[in-house]
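Protein chains in written order, with the working numbering: chain A, 1 to 302; chain B, 1 to 302; chain C, 1 to 302; chain D, 1 to 302; chain E, 1 to 302.
These are computed hints drawn from the structure, not numbers from a lab. Any given hint might turn out to be false.
Identical copies go unnamed one by one, so any copy, or any two together, can satisfy a pair.
[Stated by the list, open to error] Mimicking DSS-like on lysine-lysine, the simulated pairs with C-alpha atoms at most 30 angstroms apart in a straight line are:
hint, residue 1, residue 2
1, Lys255, Lys265
2, Lys110, Lys205
3, Lys9, Lys268
4, Lys3, Lys30
5, Lys9, Lys286
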Amino acid sequence: MSKVNDILKNYSHLNPGVRRNLYTMMNTGKLAGTGKMVIYPVDQGFEHGPGRSFSPNPAGYDPLYHAEFAIESGVNAYAAPLGFIQMAASEYPGQIPLILKVNNNDSLVKTPNPLSAITSTVEDALELGCAAIGFTIYPGTAMKNILFEQLQQYIQEAHAAGLAAVVWSYPRGELLSKAGETKVDIVAYAAQIAAQMGADVIKVKPPANEGVELEAAKKSYENVKIDTLKDRVAHVVQSAFDGRRIVIFSGGPAKGKEEVLKEIKEVKAGGGFGAIVGRNIFQRPKDEAMSLLDDIISIYKS
Amino acid sequence: MSKVNDILKNYSHLNPGVRRNLYTMMNTGKLAGTGKMVIYPVDQGFEHGPGRSFSPNPAGYDPLYHAEFAIESGVNAYAAPLGFIQMAASEYPGQIPLILKVNNNDSLVKTPNPLSAITSTVEDALELGCAAIGFTIYPGTAMKNILFEQLQQYIQEAHAAGLAAVVWSYPRGELLSKAGETKVDIVAYAAQIAAQMGADVIKVKPPANEGVELEAAKKSYENVKIDTLKDRVAHVVQSAFDGRRIVIFSGGPAKGKEEVLKEIKEVKAGGGFGAIVGRNIFQRPKDEAMSLLDDIISIYKS
Amino acid sequence: MSKVNDILKNYSHLNPGVRRNLYTMMNTGKLAGTGKMVIYPVDQGFEHGPGRSFSPNPAGYDPLYHAEFAIESGVNAYAAPLGFIQMAASEYPGQIPLILKVNNNDSLVKTPNPLSAITSTVEDALELGCAAIGFTIYPGTAMKNILFEQLQQYIQEAHAAGLAAVVWSYPRGELLSKAGETKVDIVAYAAQIAAQMGADVIKVKPPANEGVELEAAKKSYENVKIDTLKDRVAHVVQSAFDGRRIVIFSGGPAKGKEEVLKEIKEVKAGGGFGAIVGRNIFQRPKDEAMSLLDDIISIYKS
Amino acid sequence: MSKVNDILKNYSHLNPGVRRNLYTMMNTGKLAGTGKMVIYPVDQGFEHGPGRSFSPNPAGYDPLYHAEFAIESGVNAYAAPLGFIQMAASEYPGQIPLILKVNNNDSLVKTPNPLSAITSTVEDALELGCAAIGFTIYPGTAMKNILFEQLQQYIQEAHAAGLAAVVWSYPRGELLSKAGETKVDIVAYAAQIAAQMGADVIKVKPPANEGVELEAAKKSYENVKIDTLKDRVAHVVQSAFDGRRIVIFSGGPAKGKEEVLKEIKEVKAGGGFGAIVGRNIFQRPKDEAMSLLDDIISIYKS
Amino acid sequence: MSKVNDILKNYSHLNPGVRRNLYTMMNTGKLAGTGKMVIYPVDQGFEHGPGRSFSPNPAGYDPLYHAEFAIESGVNAYAAPLGFIQMAASEYPGQIPLILKVNNNDSLVKTPNPLSAITSTVEDALELGCAAIGFTIYPGTAMKNILFEQLQQYIQEAHAAGLAAVVWSYPRGELLSKAGETKVDIVAYAAQIAAQMGADVIKVKPPANEGVELEAAKKSYENVKIDTLKDRVAHVVQSAFDGRRIVIFSGGPAKGKEEVLKEIKEVKAGGGFGAIVGRNIFQRPKDEAMSLLDDIISIYKS
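Excised from the complex, chain A in its bound form (with noise of 0.2 angstroms):
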């Protein structure tokens, strides 16, 4: 309990809503406790659509399915759209903490500068029982101004109720290459923004490309390490005020188990206070996923 007490003393700017339920977030599932913290999310139905989802574990289609795995699995919350959300809520209410995702961006539009849409509202997450929002910004999108604002009112309005903001930070736009995005300069300015933003969580991919993006930042990383998967991590935890908020790690396309879980090991090895992981779940039977999912809370919980 210690450890989740001293990680809300960077919180002391929040009311005790919002601390009420950061606590509740770290205080569910396998990892309570333990200031560590795994997330379910599932917005690919929107984000991808739902064969490129789901069809690979086809009980996924079922929202129902998604809520019950949650629980099951001793995550600590569970993120979705309105629609899963609201399922997942109503037949379960208080089982597992919710995440509202508040704005999704689907695939049938593609554009250099991506803004999501707002699908839903704080509203809404009152009336579901959620303990967060989450947000999703494109750090690099021309649209940031309008992104930017948006999430502005949001982070306010949630913190207003007592809600939490999950911020997920994934640069994109027209000026960064699709290797840039993942690079370690880039994620370590996304994870910046939605800390300066107010963002209470904040979730990065890992920053799995080696080298520099932005050419007016090569010379400043010249002395910092940046070699191995580990040391980036590092230092985007840093960039997300040196360890004062919370930074979890998406696991990022579906891949093979056993990348999956050095990944995660390398994320933790690096500071990373956790893993919110989707596809590589959800893709798998549900034996399958289960037992990945424990693999992956066994090495935080370690």
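Use these hints to put chains B, C, D and E onto chain A, whose structure you have.
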């Protein structure tokens, strides 16, 4: 857990947010999952004054004492006015479900037809991370129209925000005799009114006195079994939608341990969902209080 | 400074804006950093009329006299109704923390159950750069429901805007004897009500009279040490959350210097956080007033 | 103090709340009472990314480092985006005047006509106990209509709430050459626009470059003395209402200590009201930074 | 006075508040009661930059210079953007009718279809005690829909608050030749649009150029007398509701005294209601400026 879910089936008219908070209250502490509930309320400082309330156990002047006591003792929830809840919420966010007592009646003003003062709001409850608001009504007071309209507004607003509504329903008013306040027809009537107004959890006094208060009701009660406290409790629970609302019974004025436990046993035998015990606990030294509370909880657990 | 920070720990439920203003009040003047506080209030012109208030020292008819006096004397803050604060705020912006007295009660109307009139707003306080609002309640008045709801709204609005709330809690009402207003059970009750309603600083009268007012409380006080003023003050401070709220004591009616200082010494010995002295200061010639105030401050400094 | 009051005479159009905050900023730190002002801004994490900003002195990743540095160093105020201010405000409420930077522009998106994103609000500033909001405008950007209208709304709202408005006025836009951004006519124009829009404190870059940028202005400048940096600063100060507005000058890109001090001396000689130095301070190790800042403050103190 | 009342008869559609302010403007200064009006506008600091505006007479950098000049010179009103008006309003409240220029266009951005930025509001004008707002429109700009809607809103809001609306109507836009901007059909059209949109006072440039700009209008003008400036002015006044709206003519770019006076005389002969002269006044040394303005006023007085 299945007992909790059975109870929640009677609350399917509420949004998942309220049900989350009912679930949380029923799944906290030593009675978690039993469908029974013991609440620790400390509003006597406001209602009766600090000297009368806390001098028997001076540790109780300190709001953190109660917050810590509630957490350690394994009760389901802690209820108090704004000032005490502010301290509990900020020091121990998330560690115990909180019920913000939003109206309060002090003893410096006395009137045959009482009307509590509004002392805090649903917005306060959200900011402080409460699970519920608590509201006192006095069925029988000539001020009922103001009072019930306030209750209506508070329940509506609390429910919209995902908070549960716990209603203290205490018959009082110029037409009621002092003894009548705890006669079975009156307590049952108070439970019915609270239920009809949308209360989620109803707190009444044990129908301690024999006989029927209202002339017009006497004939009806000829065939109702109301001889023992257990019988009368059963009738009160029946009067709150035939057991479809959580009805809990207060401990009343300070008294001997055996007396307290005897009453609790009868209440439980009559189908009471639990107890809400304040003075009988916090006016005893901590060890003694903890032990008594444990006995009470054990009765409900058995 | 560490004393101030220790006190602020009891206010962690408040946003940083309110804490800034509490900090500023506690770090101004000769008592800066001691955790003690002397406030200079001049609301008697409204409350008792100008002749009764200012004729003993006619310089006091001029609002700038009081503003300058407050600055020069080294008190922590200056409190007054709108008109006086407007002059102080505009002539000496930033030079002394200001407390806008937002309700006031004149002596042209008398009623056994007083209710002060609303005379200014939180918006006024912001425009005038005040550190806090001041609000008077009369625990015991039959008008309590209107009064407490006004207080609730003012505190909520002030806190949202980052302003502190100083509550004058003066028992008064048809059920209280004149002597009873300053008996220890009543003053302690008044402090408790203010604290429960969310007051940050509580101003009460010294519990000057011996004995217990409320019949129902007499038994409880048998074992409470209330023989001396010091004892009684200690009980009042205890009744305001066991010393977790700043309780300051008014000087009361004009009297001799020695009498004033004797009372202040006892209040301090009992754990009072400070004094709020008006008439005993501003009705004396400036030099004499300055000297007396310096003596009072010295007592709190020692 | 009389210097501060002389300056405040030029702000008599503002309500006392704003003047209180200007007074507080001018009476804080080592320059208290001199009418000069050194502000410590740390918005580069957002503007340039965390690596470029903080890797030269990694202590700077931690928001508390900056809060503590600002307090210890004796500057007049600390300016940063929401996330950093939240930490400073909650940990050290009242210990240093805070300026909430309410709009920010990251380096992941580049456009010839920049428009910063809205990242926080006046309501945030009140809750966090800030003395002022900070807002960046880019005179010359084709987005000016949106930008100026945002500024107009922020200034109006901030002033109504008693907060001061500090405006970063940085010429930029497709019609301006890079060199032109710091030519005297352009910097003077930027100062004038900020002043006309109601800014209380105006931050500009030193008019480092010789020559005049705008064709239409060249003739007018034939008779203006703009040979030295000192001359040019004098013209800029003159252009902000003939010295009736506080104009402070940024330190610009990181450079050698001697260079920094030389520039500051010329700025001061030209009548600049002070400096706002970020990178040149926080990118140095703490001791060195503290020493340089002390030198800067000494220049303004002399 | 009867002349003023005759003019006010054409404004009977306005509420008495607006008419009070028109009356006040027409009854101020040396032209009081004549029905003629000379306005002193100083918005060039924003529109052209401070160096171009004030270096010919550096006293003009100081906002108080203009306020004092306006009062001493006996003009009817003083018009400027927010910053200048704040100083004038606060230092000399009530001494001269003020017109708050609520939109402004700087010279750092150039576009063939200009749209001024909103820089202040009707609320500002009320707080500063202004008699009117000033608003610039550019008939002919492709941004007209935004612009006219802004004007509509400002006039509606100003009138509702009892403030008059002075409209600067300056034809400009990609379809107009530079010369065409001051041809009679265009100036007349600009006056008509302003009048139709509800302007109370219309400021246009003198229709200095001969000929007709619009092809479609040429035939219509064959029978209109537009040979001399006097003729053309008469047509412009006629186009503003046949003289039922106050139309005043700007002085245009700086030029020689004789030239200025000659133009003014012709404008007056053509029925112009007055002059609005800025640069030609404030760019001259004070004595010379005062003397020229006196000459102008004398022309309108005769």
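* **Hints violated by the structure (listed by number, smallest first)** => none
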